[in-house]
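**Q** Each chain, letter by letter, is given below.
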Amino acid sequence: MKLLELIGRALLRLLEELGRFFQMLGSAASWLIRPPYDVAELFRQMVRVGVDSIPVVFLTTLFTGMVLALQTFNGFKRFHAESLVGSVVALSLTRELAPVLTALMVTGRVGSAMAAELGTMRVTEQIDALTALGTEPVQYLVVPRVTASVLMLPLLVILGDFVGMYGGYLVAVQLLGANPITYIENSFQYLEISDVTSGIIKAAVFGLIFSLLACVRGYYTEGGAEGVGRATTRAVVSGSLSVLFADFFLTKLLF
Amino acid sequence: MLKEPAPAEAGKTPKIRVEDLHKSFDGKVVLDGVNFSLPEGESLVVVGPSGTGKSVLLKHLIGLVRPDSGRLFVDGRDFWALSDLERTAVRKKFGMSFQEGALFDSMSVFDNVAFPLRRSGRPPSEVRERVRECLSIVHLPNVEGKRPSELSGGMRRRVGFARAIAHEPEILLFDEPNTGLDPIMTDVIDEVILEMKEKLDVTIVTITHHMESARKIGDRVALLAGGKLLYQAPPEEFLKSDDPAVRQFVEGKAEGPLTVEFERETATAAPEAS
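Protein chains in written order, with our numbering: chain D, 1 to 255; chain P, 256 to 529.
Just so you know, the hints here were simulated from the structure itself, not pulled from any lab data.
Be a bit skeptical, because a hint or two may be false.
If you only want the chain P side, here are some residues facing chain D, beta carbon under 10 Å, derived [as the list claims (entries may be wrong)]: (1) Leu340; (2) Lys347; (3) Pro379; (4) Ala419.
Here the structure is a predicted model, which is why all the values come from computation and not from measurement.
Where is the CB? At the ideal position from N, CA and C, for every residue including glycine.
Modelling step: build the complete structure from the supplied sequences, incorporating the hints.
**A** Structure below.
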């Protein structure tokens, strides 16, 4: 009986979360198209989501590319397929690793900040104050954050693609003694433009998911400082899980 | 026991009218059928023991909280029947000051007070002038560049007050505007409220514990207890009323109908909590 109750309660909470997510999505979409358009705030958020995340994304993808080259080289050497290292690095980065890892890093960095910021504004009545001053909080707070994330994540992924491939090149050429010309040739041999675009589409969707989830968590925060902490943690956990979850279905859909 | 307000003049719609408002949170009834109507230019003061839902009532008036049942009319229009765009427009008629100030802590004091002005598209020179004016009204010059976190609680509350009046709203809602202020500042705030009422013909709803403020700024005083407005009357009449609940509150007695109510509520709430 206790178990059934627990399952039921968890299910209800999940449905409630889903309901809030889609309600916020609809609300944000409807406020996105109505004036006033706060371009300055959008740019501010684009800097926070995009520009400020460059170092993190740079390091993450650089090391991912490097380790990818190292691993595949050691593995592929066993059946004399070292020439494929460049292709493997390029394909796995553009299609999968750059979008997913970038999204996860940005969720941790930016999603947590969004949830904490909105959560604090909620518990200190600042969101109520916005409403009371005739400003729709979804339009003022959620729309610029989500729009900035949808726009900036693809750009970060393009950067990540380049940096990751350069990391692979560094390891293969400098460390493992591969021929630079053939490595570059191999890298682009099997790479198609659709590999890159699918990664970029994924990134945009991940940006939408993590930012909207973080905003929902923050927006509906209850219970003071502890509530803000809980909202922040859950924004990162559910954001990361949702990115991985969505990744599977998007991959299935896009190829 | 409920004293009906004098019927509004024929043909003149009240600024705010509230009809049978009900609200509960997690099964706990906070508002249990609140009715009143407030003509333009009138000032209503709501008093009552702590935790009886005075703030919740105030938040209902500007549509920050949606009632479980009952209706709110602003200028004769059913608030919750409007589209969300229209609701945002109606809210611009309001100015509200919050208990803890609710200042935007990412902005300076200047930007806080300027917020409603900028959002309504006033030119920068006018914004600057108006912000200065509002801050001097609450006796706070030279804090423009500071962050809310650098101010004391009382100062934050006064900045919140300045922000609420900045865009010259038609209706003002004050949630305990002078709690925690020194006696001089309390009187300053009361004077400002009085002055705005007389000069600008604004409609005002104030929540307070101070019977002295209530007497000064209210055209009518109402007692909120047990989720209902138990008694409404002009201040002098209110203070002289022989209603037992009003007497208890005015005289500040520990025993009386209001405490019985409180004890009954905590007694019923206790088993739920365990």
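**Q** Name the hints, by number, that the structure is in violation of.
**A** Of the numbered hints, just 3 does not hold.
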